[in-house]
Amino acid sequence: MLAALIFLPLLGAAITWLIPYDRLRPKILSLFALAHMGVTIRLLAVTPPDSPEKWIHLDPLGKIVLLSTSTLFLMCSLYSIGYLYYRQERSNRVLCVGLLVCLSAASLVTISHHLGLMWVALETTTISMAPLIYFNRNARSIEATWKYLLICSVGVALALIGLYFLAYATIVARVEPSLLLDDLMRDAGKLSSGWVHAAFVFLLVGFGTKMGLAPLHTWKPDAYGEAPGLVGALLSGGLVNLAFLALLRVYQICLATKEIHFFQNALIAMGLISMLFAAVFMARQADFKRMLAYSSVEHVGIMAVALGLGGKAIFGAIFHILANGLTKGVLFLSSGNIHRSYNSKSTDHVKGALRRLPWSGGLFLAGFIAITGSPPFAPFISEFTIVSSAFIQGRTLVGALFLISLAIIFIGMALTVLPLVMGEASENSEATSYRDTVGTVGPPLVLLLLVFVLGVWIPAPLMTLLRDAAALLEVRP
Amino acid sequence: MVSLADQLLVLVLLINFISLGTSRLIFSIRAVAVQGVILGILPGLIHPFSWHLIGITAGIIAAKGFIIPLLLNRAVRSAEIKREEEPFLGYVSTLLLGAVFTALSFGFAGKLPLLPEHQNYLFVPASIATLMSGFLILTTRRKVISQVIGYLVLENGIFIFGLLLADAMPIMVEAGALLDLLVGTFVMGIVINHISREFSSLDTSRLTSLKEE
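Note that the protein sequences, when read in sequence, are chains F and G.
Okay, so the first sequence: first residue is 1 according to our numbering, each after it adds one.
Okay, so the second sequence: first residue is 478 according to our numbering, each after it adds one.
In case anyone wonders, no lab produced these hints; they're calculated from the structure.
Just so it is clear, the structure is predicted and the values come from calculations on it, not from any experiment.
Among the hints, erroneous ones may be present.
Chain F regions said to be covered by chain G (calculated; three or more residues, Cβ under 8 Å) [to be verified]:
| no. | segment |
| --- | --- |
| 1 | 29 to 35 |
| 2 | 153 to 159 |
| 3 | 217 to 229 |
Idealized CB from N, CA, C, for every residue including glycine.
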């Protein structure tokens, strides 16, 4: 079953590569995404045995990231059927193949317990996404692709040297040299602290770059702004979570070394800086897709702060993986529709979307309400858990800065979103052939419903899974 | 055998300075190719013979010594540029900075808690110095190809450190990392072609249409 998770999408990639029909490819993409979802659900219900040397092991943390990625991917691939209907002017072969290869690598990240293997899979997701950012084939998108590819490759390379330092720490400590998560956690107490600290710094910088934590986020607004909506959804709701999972693995090792405070403080600092950066740049943003990118910087910041706080906030961080991933799907897919309809992403041209596109405009508005942490949507629960945990722990300053940034971001985002959705339609906006259809509105609608349901009721099996995952990240005496 | 490895590492350090100091892209690519071949030979000098070793040696020499330089050369030829022009920082300053970084990395490596058997060799300082040189090239050059060269030098520095970890890195992971590097460079080569077609130049300072107003 675990093998199917990796090889099914690869088979799909081979098939989509071979068939010459642009109209057929998104359907095959959706078929394989559906099969992947089926395998995922089955794996969540019945946990398969580990591979002999424990390289492959699906633990609760991996399960949550896998569930969130697979759900988002399924919705994005269903959306692609409707979306690519409007983009028939160019071949979608590279897009479909890249998506499936990325899905395969993403699944490998969630199930690998060997840090080297996880690194290889993570780097594969980076590379396979690069051609997709360049889907629009213009000067702006090539610039975005270049920045994304170079900055993320260098970042992930720095994470590799962090892993090497960790492995060298095991050699210096004269324990069995290994990069297996379980071995590292078992021997963590004996590792030399100098090497371990150096390793943590490089891993934080490396995976932080891939995740887009400020000040390492410079590629993010460009890449998210220029990529098609569905690619943006997968970058901000999928790849971000994979990099976060990598950080969670580092966190697990940190917990075992008992030197967690150093790492926790670094996470809180970077998280708060990300939120403040987002708050500053969110206001008066003239491009609504770039605004979503800063929202993504904000939310990786939230997750980093939660991880740094520890305690109850860990539950919030893990729930936020699902909440943020699915909500970002709603926002990026509906913003893709608005972009298609107006043929512009500038807030000067796009106004009154609710009148022109009642469904997409409404979804964008609802997504905005959800992502800024308003009840009754899922991000409210995670953000509330994190803030209350900060105050319970007596970290008043962290909690206050967190709340202030959330408030500024809410206002900044509202100043962009409200005129865009509700304002008076401007006279000179371009007319296009785009109309809301079931194909382009259905998937974000389903995602929004999921975000809503998770906000009011978490099913019991999911709750158990979340608690089990949080237990893996708790400080043990 | 290990003293030979040290001499080769000195050569690696010299090659860093060549790529830091030259403006001719083809020459720089060739220098990095030689560096790649040296890195391919190194594992054979410090680890006992095994088929795993043969595979890795062949893979590294093929990828770093031939395939990647070939991809870059093709990109240079199709873009019809020969030289790095007006780097953000002059060649003399980058060379001096490179020398300072190399000296610092020797000092830094002396302070690290190394295994006694690794203490007298150049692996760690060479690794850090190469990493820093790569970073320097990445940040001071304008042309995209120079930036890819910087990235490759940086990867080479990481790779030298990896030589100390024979047992911890299984062959599958090493091969995977090498494959990622190869595909990554391939994709970068394609992107370079598109940049030169779109901007009719490979100057990254022209890549400025995306920024905050």
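Item to check | Hint numbers contradicted by this structure | outcome: Of the numbered hints, just 1 does not hold.
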